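Could you put the whole structure together from the sequences, leaning on the hints where they help?
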Amino acid sequence: MTLWLLPLLPFIAGATIATMGDRSRAWLGTLAIAVLGATLTLALLAAAQGWTATLIWSDTIRLSAEFMPISAAVAVMVPAVALAVTFHATQHEETRGLGRLTGLMILFTGAMELVVVANDLLTLLIGWELIGACSWALISHKWREIENPHSGLYAFVMTRFGDLGLFAAVMALFAATGSFDYAGIATLQGPLQWIVAYGILLSAASKAGQVPFAPWLFRAMAGPSSVSALLHAATLVGAGAYILARLQPSLTLAPGFGTTAIAVGLTTALVGGVVGVLQNHTKRLLAASTSAQLGFMFVAVGAGYPGIAALHLIVHATFKAPLFLSAGLAGSAIGSYRLDQMRLGRAMPFIAGLAALATVGLAGLPVTGGGWSKEEIVKAAEHAGFWLALAVMIGGGLSAAYATRFQLLAFGRSDENDCDREVSVPSWPETLGIAILAVMTLALTMLWFSPVADAAAATLGSSLPKGTALAFSLSLAFVATGVAGGVYLVRHYPALGALGAAAAASDWLGLPTLITVAVVRPVDALARAAAWADDHIIDAGPRGVATLGRRGSTLIAAADNQVVDQGIRWTAVFGDWLARVSDRFGEAVSDGIPEGTARLTGMIGHDLRRLQTGFSHHYYAYIIGGVFVVVAILAAGA
Amino acid sequence: MLTLAILTPMLGALALIILPSLSQSNARILAIGASGLSFLMLLIVWARFDTSVDAPAFQAFAEAAWIPSLGVAWRVGVDGMSLALSLMSGVLFIACISWPMENPTRPRAYYAWFLFLESVSLGLFLALDLLIFYVFFDLSLVGMFFLIGRWGHGDAERAALKFFIYTLAGSLAILLAIIGLVLSVDPITFDMRALIAAQPLAGMDLRGGLILLGFLVGFAVKAPLFPVHTWLPPAHVMAPGPVSAILAGVLLKMGTYGIVRIPFQMMRETFADYALPLAIVALASILWGAIVALGQTNLKRRIAYTSVNHMGYTVMGIAAAGALLTGAEGAREMALTGAVVEMVAHGLITGALFLIAGGFWARSETYDINAFGGLANVAPRLTVAAVIAAFASLGLPGLAGFVAEVQIFVGTFAVFPWIAAIGLLGILITAALFLRLLQQLFFGDLPKAREGFPDVSLAEGTVLGALLALVVLIGIYPRWLLDLIGSATSAIIGG
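Chain order of the listed sequences is R and A.
Just so you know, the numbering used here puts 171 at position 72 of the first sequence, and the rest follows in order with no gaps.
Just so you know, the numbering used here puts 162 at position 160 of the second sequence, and the rest follows in order with no gaps.
Since the hints were derived computationally from the structure, they do not count as laboratory data.
No false leads were slipped in.
Computed Cβ-Cβ distance ranges for the label pairs, DEER-style:
1) A:L278 <-> R:E244: 44 to 52 Å
2) R:F485 <-> A:D485: 54 to 62 Å
3) A:A66 <-> R:A282: 54 to 62 Å
Here chain A is said to cover these stretches of chain R; the calculated rule only asks that three of the stretch's residues, wherever they fall, bring their Cβ under 8 Å from a Cβ of chain A:
4) 155–162
5) 214–226
6) 261–274
7) 622–630
8) 636–644
Please read all numbers here as calculations on a predicted model, not as lab measurements.
No residue lacks a Cβ here, since even glycine has one placed at the ideal position from N, Cα and C.
Okay, structure coming up:
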């Protein structure tokens with residue numbers, strides 16, 4: 100069987116569902132389960148049987164797909180998480196446009212599968228840009244409010260800037276090897292190797308919401324919360340970490356690659372952690388945490404443990420998706436995403452409990468899957484140096500702090516009795532999707548059993564790093580401090596980040612404003628200036644020529660009237676005269692010839708007058724005629 | 003067969019003029035029939051076309067003596083490049099003739115001029131004689147001049163005149179260059195195949211340079227490239243939608259096709275010497291076209307400037323392909339293939355975009371982007387078509403533009419790495435400008451004045467659907483097209 104089926108099935112099914120229009124929740128939910136369930140089955144089958152695929156475009160361009168251990172694991176995770184998230188979407192999101200939303204989410208999953216199965220940079224680029232376009236459509240989903248398409252545009256253009264890195268990598272790889280296969284990356288040398296490695300890193304960083312591209316993730320929050328869950332857990336964002344993990348063995352050959360990846364990841368993990376702690380917007384807090392968690396994965400790749408990065412990616416997907424979904428329920432319950440106004444623990448206790456299962460993973464508490472993979476990253480960082488491990492621990496402490504804040508503020512129990520609050524309680528189908536994901540999260544606690552962990556690492560074709568007990572206990576101390584700090588903040592500053600300096604800093608420390616002022620506005624101004632210049636300066640040359648031409652033609656026309664017209668008139672007069680003369684002496688010479696000559700000259704005179712008719716196609720015919728004459732003369736001479 | 007493909011629309015045009023009492027719908031049916039018949043003949047040529055390596059470069063060749071002493075003859079024939087372009091032109095002409103008239107006055111004359119233009123456009127791509135090529139090149143101006151001037155709106159006559167004079171000036175440069183080129187062979191001939199084989203100007207520095215300059219200036223005006231592009235926006239704005247689609251889809255390709263066929267193929271050494279400056283001009287067109295398009299508030303002007311940007315990609319690929327005489331064959335072939343695919347893809351995509359823009363004028367008599375908004379409320383099918391066309395134009399994978407652009411960039415990078423790298427910025431700016439366009443037209447609040455904005459009719463929907471289906475097909479499975487074009491480009495690169 101061809102591996103193309105894996106992306107193609109959800110792609111075609113999704114496009115069909117999107118065009119069918121809105122149907123009932125039950126109908127769309129069944130469809131979503133059927134299609135994504137089939138995709139999941141296909142992924143398992145393909146992974147078990149080692150399917151491959153190629154598509155020939157031309158002699159030099161061959162698209163190919165193949166499974167590596169890491170890609171197989173991610174290829175299974177993506178439809179599994181997407182299944183729960185999309186089902187939730189069909190039960191929870193607004194009914195207007197629900198068919199389109201469901202279809203696009205399924206299609207998005209297919210595009211992500213293409214990224215996962217790609218075995219050459221061109222196929223990767225195709226999937227890479229398609230997931231960007233899908234994210235545009237999904238973020239813009241509620242297009243009646245112009246802010247949403249605007250955010251979609253922001254996200255697409257920002258990530259496409261990163262895509263240029265992948266474009267550059269594609270160009271350089273082909274220039275060096277004459278093919279797009281991943282296999283060629285390891286053989287590169289010199290500047291081309293540099294372009295490929297850092298081009299891929301650039302596009303990975305932009306998709307994964309790393310600094311300085313992180314702000315687009317906040318804008319992406321304009322989409323429905325199911326969309327946020329999908330693109331933060333299963334698809335778009337994960338693609339950045341996935342591709343680094345997938346290509347790490349080849350990329351790491353480029354000088355300085357590991358260090359740069361660590362620097363980018365660590366910066367984002369720390370800044371994102373601070374931003375997350377300061378945020379008062381439920382979904383933005385989670386978005387900042389996504390950037391930070393993806394930062395951990397970058398650190399793991401840079402430290403030389405791509406398998407760990409992939410494991411954290413999978414674990415992260417299972418706890419981040421339910422968090423977004425429950426945040427969406429909380430947001431629609433109170434009609435806003437302000438953390439300081441939620442405290443929905445009493446109103447929706449079951450959801451609060453499910454969210455707590457995910458939150459402890461985000462916080463990185465021991466015994467949770469999230470805690471396990473984060474500790475593995477600490478160990479991996481330790482191999483690269485103790486200070487690096489310490490920095491990751493600080494990032495872990497920050498995760499614990501914002502996770503605690505999220506859980507207590509969103510799903511804590513308020514002190515005052517809030518029975519008078521009108522809160523819509525989620526229906527059981529809405530809860531089901533979150534429950535499935537929570538069960539997946541729970542299942543991943545098994546990773547703390549070392550046989551399971553070793554088996555998981557072996558499946559991914561990598562080994563687990565060895566860490567010291569000292570670092571482990573230190574890391575746990577940071578987590579504990581983070582939890583305590585989170586509790587302290589909730590107690591004493593429940594409205595942190597709602598107003599003032601904290602609110603300003605919580606928007607990526609002002610980075611979006613910097614981008615607007617330094618990039619967006621200058622480009623817009625340049626575009627307006629260029630448009631003006633094009634009309635007024637560049638067109639001035641031809642216009643000047645035209646004006647000159649008009650003046651010149653007026654002069655020539657005047658001369659024309661006086662000289663050429665005279666000439667024609669004289670010719671006609673001459674013709675008439677000739678005719679008269681012929682007429683007079685005709686009988687003496689001959690009858691026919693002068694008669695004919697006279698008529699001919701008369702006709703010439705008449706035709707010459709018609710020359711002045713002003714029909715451009717006549718002139719045109721004369722130009723062509725003249726050209727023939729010129730050519731003939733030249734040819735005769737040559 | 004090719005001669006018939008050229009003559010059929012011309013006969014159709016004559017029939018339209020001669021038959022006096024033809025209703026508009028009958029005139030349209032006759033025009034569709036004539037262009038369909040012509041397209042059918044091209045399909046037959048395609049079916050018989052041999053893409054194998056040892057096949058002759060030009061096939062379906064036919065010759066009829068005309069002026070033997072000058073080596074001028076009616077010569078027609080196709081290689082993979084010209085066949086692909088004439089097939090695309092055939093599709094686009096059928097589409098534009100089927101599209102409802104924007105300004106339904108004098109329908110017989112309108113359809114007659116359309117068929118006339120189709121005949122000369124096909125003639126240009128199919129001709130293998132320089133003089134015939136030149137005659138068709140100029141006749142295309144005449145057809146376009148009348149279509150814009152008589153059926154356009156606003157200050158159409160002035161725009162048409164500007165278009166005519168500007169491009170005529172360019173074609174005079176071409177004429178001088180043709181004379182110079184032809185006079186350097188002995189015995190004198192206008193046979194393109196003979197000129198390609200002879201490479202008459204090899205080793206002549208100054209003379210070769212001047213003749214090359216003549217060709218490049220002329221074709222750059224037609225393409226158009228920065229800075230000789232300013233005739234394009236007014237011509238588009240004043241022209242009816244279907245005429246704009248032909249202008250962008252077919253007439254602009256004459257410039258880029260001409261560059262490949264004449265200076266590139268007939269004077270390889272000289273072309274290679276001047277390929278770098280040409281690539282720089284192309285880069286300027288890419289960036290300038292994109293940034294100026296971003297600054298436009300007029301729908302048609304915005305699309306028009308993206309044509310400057312896309313023709314910039316095409317010429318960049320052509321310049322890279324011709325920059326070397328030997329070496330990097332794989333990459334140069336890819337660049338040239340990409341350039342030809344871009345011509346085809348741009349024809350279909352921008353054709354669709356201009357038809358959509360024409361639909362906007364027909365419904366509301368304005369192109370001001372800010373006068374619209376929220377149209378997805380009332381015209382969902384139009385929205386879907388516009389979204390697909392816009393994403394195709396910004397080079398999204400899975401659609402035709404990507405297949406072209408990725409090959410152009412990959413191929414160019416091997417020859418001019420910096421130019422290709424800087425040119426990538428064009429992709430980013432077009433993404434921003436098209437998404438902003440979609441946002442302003444279709445999303446947000448629906449203005450009161452647009453509440454009755456009708457969605458696409460059946461005829462419009464069928465035409466757009468057919469064009470966009472081709473765009474998707476080329477985007478996903480382009481092998482049939484790449485094999486056809488590749489048979490020509492590998493022969494051109496291989497010399």
